[in-house]
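Going down the list, the protein sequences come from chains A and B.
Position 467 of the first sequence, counted from 1, bears residue number 467 in the UniProt record's numbering, the numbering being contiguous throughout.
Position 7 of the second sequence, counted from 1, bears residue number 7 in the UniProt record's numbering, the numbering being contiguous throughout.
Simulated from the structure, these hints should not be mistaken for laboratory data.
Keep in mind that this is a model prediction, so the values were computed, not measured.
The beta carbon of each residue, even a glycine, is placed where N, CA and C say it ideally should be.
Straight-line distance between alpha carbons at most 27 Å, and here's what the computed DSS-like set of lysine-lysine pairs gives: (1) A/LYS247 with A/LYS125; (2) A/LYS294 with B/LYS159; (3) B/LYS54 with A/LYS477; (4) A/LYS167 with B/LYS54.
Listing some non-contacts, in silico: residues in chain A with all C-beta distances to chain B over 12 Å: (5) GLU111; (6) ILE203; (7) LEU344; (8) ARG384; (9) ARG494.
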Amino acid sequence: MADSTGRFGVGGVHFGSPSRRQLFQLGAGAAAGLTLPGHAFAQSERPSNPPEKPRGQVIAALSQEPTVFHPLMPGIEVDQGVWWQVFSLLWYIDPAGNFVPDLAREIPTIENGGLSADGLTWKIKLRSDVKWHDGTPFTADDVKFSLELINDSNFRARSRVGHSLVKDIKVVAADEIHWRMEAPYSPYMSILGSLTFIVPKHILEKVSDPNASPFHNAPVGTGPFRWGERVPGDHILLNAHTGYHGKGPYVERVVFKYIPDLTVLYTQFRTGQVDYTGLQGILPNFVQEAKTLKGRKIVVSSTSSVEHIAPNLEFGPFADRAVREALYLAINKQAIIDALYYGLPTQTESFVPQQAWSSQQGLPQHKYDPAKANALLDAAGWVRGAGGVREKGGVKLEFTNSTTSGNAAREQTQQLLIQDWRAIGAAMRVNNMPAAVIWGEFWQQSKFNSVIVGVNFMLGSDPDVTPRFGSGAIPAKGGRGYNTYQYQSAEADRLLAQGAKQFDLAQRKTTYGELQKLIRNDLAILPLFQGFIAEGVKEGLQGFRPNINTSINCWNIREWYWA
Amino acid sequence: MARYVVNRLAQAIMLLVIVSAIGFAILHLAPGGPLSQFAVSGQMTQEDLDRVTKQLGLDRPLPVQYLDWFGRMLKGDWGRSYRDGEAVLSVISSHLGATLELMATATIIAVLLGCWIGILGALRRYSLFDTLATVGAMIALSIPTFWFGLVTIYVFSVKLGWLPAGNRHTIGDGSFLDLLHHLIAPAMVLALVETAMWGRFMRSSMLEVINQDYIRTARAKGMPEWRILTVHALRNALLPMITVAGLQFPTLLGGALVAETVFTWPGMGRLFLDSIGYRDYPVVMGILMFSATMVLIGSLLADILYAVVDPRIRVG
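Next comes chain A alone, as it looks inside the complex (with noise of 0.2 Å):
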């Protein structure tokens, strides 16, 4: 449960604490901001602190361009590295898994009156010296319209996940607003706190069309840095809003550089022509070399993604669960994690991250172990037949797997699986198509036989995975989530029925502890690790804090500040 002073998670709240460095140092930062017109960092001596005024700027290289400027349209992760800087939330999700205030005054608790006991009255107090970027004020008319917008049918809303359940909207003042939710739903406080961005009604409203306006290119928010120009194809240059109204921003400039290929990416860090490598950050291929650069530093993070082979479970042998347990057993994970991915990613069993604070604790460890591979498939009846493949009732084991094409380290592992399973009788084939492909139809009606997949089960820090793993969320099935493994269990659904109206924090770690156990046991996907990015921050750059609760780690630019 949130506790008195608004947590909604665990720990303690830890804005960005200034580094104390009182070195002097003249690193490869300052030396390529001489020969950089505009780097106003290459000054003769660095503050310990984040200096008065907005002071240089910032490089920041994406390997994917931003294009989706309306935080409420449908958009990628590298489109939040945008809308962090340039919108605010009613609240957002700290590292440590905190709710922080930002456009609201305190987070809404069951305590502070803020959440009714049965979880359906919301009232949230909101700050009152929030301006626009253009000057007007920021009201509870502002969130009202934004929660209206996504419901809206003519708009283009990314997601009604949460919002649809919204009803009745008062703004009781300028600085108040309430709604009754139509159910009790917990996952909302995460949804409203991780891409629930408040845009501008003065504006909005006045628009002809909600899905393509001036807006769209030019966008007007309140947060840290105001819009500056977009050169498509190239960079996106956003300015200080100097009268923003939480910490920061500490630079002048931020500036979000395209480009496409990695290894170049990673060549204009070396080069010093980039601050910051974000999305999709440094190739692992590259991480050990890059520690050695001077002026540079590497900070190999994880992320919520969990990378693991999702088997259709509607697919013949995958039904069995022997065989789920059997192709898991004889996966040497270790091998795939230290010769593909240089040893960088971790282990996991659960699609939480083991950061999160409902991760559970003590689920079965993966063994390498194809000796009890072989005989739990002997058990469970599937001979060997010609060829050295099993097969039980006419059934083959004998299946694809399919990832994006052109995904080397995933190619890879493909190889080592195909080699681990024929060492138990399971024949595998490569089947991969590129990225706009596979995640179409063949992903999103299941028509795969198995597919190795990163994916983000968390709904901001929230672990309700309905649309994951509930049995109505099977799209092959007519179902509205995304629940492509054609996950059924009774036992599940009732846990995450339960979890999704459960405010208190203990009681919904127990729930969806119980729910990871399950869904482990059951082997509804096979983990291979949990994600990971590696980022090149320049030397001097300070603030930069990886966010496990944030699609991407340039959340927080605001903190950002040269030293």
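Guided by the hints, dock chain B onto chain A, whose structure is given.
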């Protein structure tokens, strides 16, 4: 001449309609779609995907979508990008300048250098220069542009530090010199194959001309060698090059696509690649139609120019 031009124009328009229909069909029949990228990121449920699909009109039959697109295109409305909601023509024009810059610079380098190498090679046939030029051209034509780009970056940016490792300009510096500095490496890479091609074509063309009877006659009449070369040989040798120039657009565009990716050059080639990856149908169709139009115009201009220079072909 007017009838010839009108005929060619009619053919070109027919070709454009065929290209648009085939392009539209291939693009839309390819598996996946513009919303595939959201299916795995987990921000949108199947219900959300279905709703947006309907809002975009992608659930309609393909012929209906094509006719709708074609009708609007004829009125000058090329649609809006699915990615950023911008008008397609605006998206294309925002990338066009960068590509033209790169292609024009590479073409100038290739034409000047290629013609010089070709002429000299023809005049000094089987000499050391000619042999080196031939071997060099073979190597240049065999080197993958992507690899050459990366090597260029490694040598000139990483090791020597002479040239920037990419980008069109330094952020905040819009000066011509800065642009030129950034242009050298990608233009050099793009010009490599072009130079080799121009060199080979020029050499063949020149060889054919200098072995003609009228050149021998000119020499026999005692005309100075420089005059034979410039007035008689060069003018005639350059004639077939008009066709080469007219048909170079697709090759250049293909090369630009790779060079733009390696050097993070914000041009049309990269836009095309990105748009295909995202299944941004309106932009892909826009670029396809634009490129097809450019190729047809190039070809048409080459033919007209050829007809102007050599009146004999008008008869054919």
